[in-house]
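Chemist: Residue numbers (the numbering used here), protein chains in the order written: chain A, 612 to 860; chain B, 123 to 410.
Since the hints were derived computationally from the structure, they do not count as laboratory data.
No residue lacks a Cβ here, since even glycine has one placed at the ideal position from N, Cα and C.
Do not rely on the hints blindly, as some may be mistaken.
Under 10 Å between C-beta atoms, here's a sample of chain B residues computed to sit facing chain A [as the list claims (entries may be wrong)]:
#: 1; residue: Ala286
#: 2; residue: Ala297
#: 3; residue: Ile302
For the chain B half of the interface with chain A, some residues (derived, Cβ under 10 Å), not all of them [claimed, not checked]:
#: 4; residue: Arg279
#: 5; residue: Leu285
#: 6; residue: Glu292
#: 7; residue: Asp295
#: 8; residue: Ala296
#: 9; residue: Ser298
#: 10; residue: Val304
#: 11; residue: Arg305
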Amino acid sequence: MLTVTGITGGYGDLRVLWGVDARVGAGKITVVLGRNGAGKTSLLSAIAGLLPTVSEGTVELAGQDLSGTRAHRRIRAGLALVQENKRVFRGRSVEENLLLGGYTIPGRGLRATARREALEQAYERFPMLRERRRIPAGSLSGGQQQMLAIGQALMPGPKLLMLDEPSAGLAPSIVNEVLGMVAALREEGLSILLVEQRVEHALAIADDVAVMENGRIIAAGPKAEFDDGALIREVYLGRTGEQMNTGNR
Amino acid sequence: MTTVWAGLATGAIYSLVAIGYNVVLLASGTFNFAHAQLLMIGTFLAYTGAVTLGLPVVPAVLLAAAGVGALALLEERTAIRPLLGRSDAHGALITTVGAATILDGLAAALWGRQPLTVPSGLPDRPLELLGGTVRPVDLVLIGLTLLVGVGLHLWSRHSLIGLASLASAEDRDAASARGINVRLLGVGAFVLAGLIAGAFGLLVGARTYAVFNLGHALALFGFVAIAIGGAGSQLGGLIGGFATGLIYAFAARYVGEAYPQLVVFAVFLLILFLRPRGLFGTALERRV
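Chain B extracted, bound-state conformation (with noise of 0.2 Å):
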């Protein structure tokens, strides 16, 4: 059981890289390939906030979440405004992907690039929970992730901009004709992704350290739960998340310690090849 709390802790990150990419996704059509360096810069302004300048928890979080909220903000403003209205659709891959190599080469030069360990101001010690044992910490990674993914995934089928969201990604023009401004929803998911991403800084960082290359392993495996859940569904990026950090587990466990990446890419490509749009995703997929 220990083995499934610990792909759950590592699962629940993975998922939240997949919830943000889905926020982004599904409002605006993007496909923002900088959101894991987000949660990254979140782990770094969570440690600035808590060790750096002494903050208690809850304004270390909050600084964290405007800071990663403003970022998101000004990527959307400088990556992918420009490139509205453009006939060439697929600019935004680019744009994004040099977004997330700025912000690695930003955050190794802010804070260098020795891992920094970020405290959660939960105790230590590991509680004894259903016949394994597990960190308050990663408790509480695994039950406001799931919050968050059930919450945006309820949100979206339930509230009226949730709705315009997804009609937004199903037909852009179309969702323009019903009055829905686009752009607006188009720039509020990415605050609204970069809010996510910093305000979960503290309990990421406590689980992986702050650490400048943290982007690249997270991006990753960001999209493997996005292929596992398919793309654009937030109940199908949250549990593909929770896959991808189970198979992790149990791969180090029982094949090896060495292995787990390669068993994690063996069962993406096998999903790709079988379910190409995933568990439950839709018909969001383009050509490139």
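Extracted from the complex, chain A is given alone in its bound form (with noise of 0.2 Å):
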């Protein structure tokens, strides 16, 4: 569904991805882990379109190149994006953020028909949503606001859905909620790209696995692949931190 190859890119003079290659299967799950600053967002931006630089590498989705081509366009031919921290549209309605969401639908107006349709699609996924439709997104809470977000993102039915870190930042029993979203949302044969440092969380959930490091991926493959844990082990970890661990038991 989607293959990345050799992105190198980053923010100005400062390149943050070198030679990236991914990819997700038709509606299938791949989670990409790695510590902070591995380069996680900044692949999601770089497939998004939003990375300031991309000096090389090509993207393409369902058989589509969709290198070189601005947000937009790449939200257009199916791409959706779930940005870290929740990005929804504060200080507009919840309703608002919704038809924003559906902003790539074909039709005039936000009265057209496709999107009032997804709207109500929308809200049939989310009840909670509707039962907020008028209050400001900015006063909801830190879970709905992410389930906003992907209400958001779902709005002009991707073929491809990206979620940076959908889980950081909301108390436990709401991960497991937005996760078990996340793989209800693979079901209906929606292809995932999924970044998420909780790891045993994300793995449970994955059907492919790539490590970041460093702005490089430094292992992929199917997730029993990594069943043993020894490499994620090394990555989060290190050597130091194994060691470290050893002797503490």
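Two independent chains are provided; combine them into the complex using the hints.
Modeler: Have a look at this one:
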């Protein structure tokens, strides 16, 4: 569904991605793991066309080459991104946020039939949002804002959904709910690229795994290859960390 | 009541400047310091259309609107576009001031330094209305400004493009990630602000004359209007402009002809101290 090859780029002269390859199969979840600063968010930004500088590499979605196109074109082509920190439009109401999520849906105006249908579907998926449709998104709880952000991204009916740490800053019970929702979306046939700090939760729903370090993919493959956890422990704890862990036992 | 009419007519012009600031600020996040100068060029183009070319009112207004719209597009291309994507987010503060200075000089070079009388095409005889006298051109100016201000306010809240503009003002990246073409929105805002400024050139010129340094005075009072109403609020800018005009007119009448500016700026400072976001403002201010 999504094939990314050799992406190199960053912010002006500062390079943060070095020849990154990644792929997401149709109806699969690929989880990207790695420590803070490994380049995970930048990778999602580069795929969405939001990274300021991309000097090399290609992005292909369902056979369509999106390399070099700007963000709004990629969204129209079927990419969707839920940015980290629950980036909803805090000053706008819940309903306005959802309608903005459906900006690329064909049809003029807020009352276009297709846009209203997508809104109705979003409310069916998240009944809690319907109850709060008139209130500003900024006054929702963290979990509700995350649901709204996902609802927004789903409005145009994307082919591929990218989520950047959807569980960050949420209470443990809500984390399960959010990741459960991600798994349910896969059952509906959506392809998903998930960046997640909570390794165990993420692995529980992953089909494929990619591990990033210093702006490069250091390992990638089906989840089974990562089952023993050795590589992941090494990435997150480092060798020193592992020794310290052993020493404490 | 005559003082109220005079205040509202002057205030309408300040509202127009504030509306222009807000249109661009909302859609592109840029404060266009040259907007008052665009209005000034509009008065000259209206003069050229109505007097030099002898056109009837409607073609003269259309000519001014198209001319200033094109000029605004040129300003976006030369003063804003080259700065996009650069890490220094405040470059536009300088380049739009530069554009304002160039427009001042251009107007002085093309039309001279003497004020030119712009004919409104409306009867000159003042009307008696609600216990005061008001010139027909002022009444039309007040009415149309209200219409445009309220119209833009409703449009920004109840249309998809309007909402996209509010969203893009709040978070450009997030707006891009929802498929909004933020650059096109920014260009569109410049052109729209230019079209409005140009279309009002005839009415504004009929009240103020077409004069090359008109922009300075209007920019200052436009700021006061924005400070009172709040940056990013169309309704706030509209009310702020009228309020500024009324304060000016009443200060001139009751405090003394020499003091209206002083009183207006005292109110301006007071608002900055007490309500820095204005009465209707959103959190669009930034550190410089």
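Chemist: So, for every hint listed, does it hold in this structure?
Modeler: Hint by hint, here is what the structure shows:
{"no.": "1", "hint": "Ala286", "verdict": "holds (6 Å)"}
{"no.": "2", "hint": "Ala297", "verdict": "holds (8 Å)"}
{"no.": "3", "hint": "Ile302", "verdict": "holds (5 Å)"}
{"no.": "4", "hint": "Arg279", "verdict": "holds (9 Å)"}
{"no.": "5", "hint": "Leu285", "verdict": "holds (6 Å)"}
{"no.": "6", "hint": "Glu292", "verdict": "holds (5 Å)"}
{"no.": "7", "hint": "Asp295", "verdict": "holds (6 Å)"}
{"no.": "8", "hint": "Ala296", "verdict": "holds (4 Å)"}
{"no.": "9", "hint": "Ser298", "verdict": "holds (4 Å)"}
{"no.": "10", "hint": "Val304", "verdict": "holds (8 Å)"}
{"no.": "11", "hint": "Arg305", "verdict": "holds (8 Å)"}
Of the numbered hints given earlier, the model fails none.
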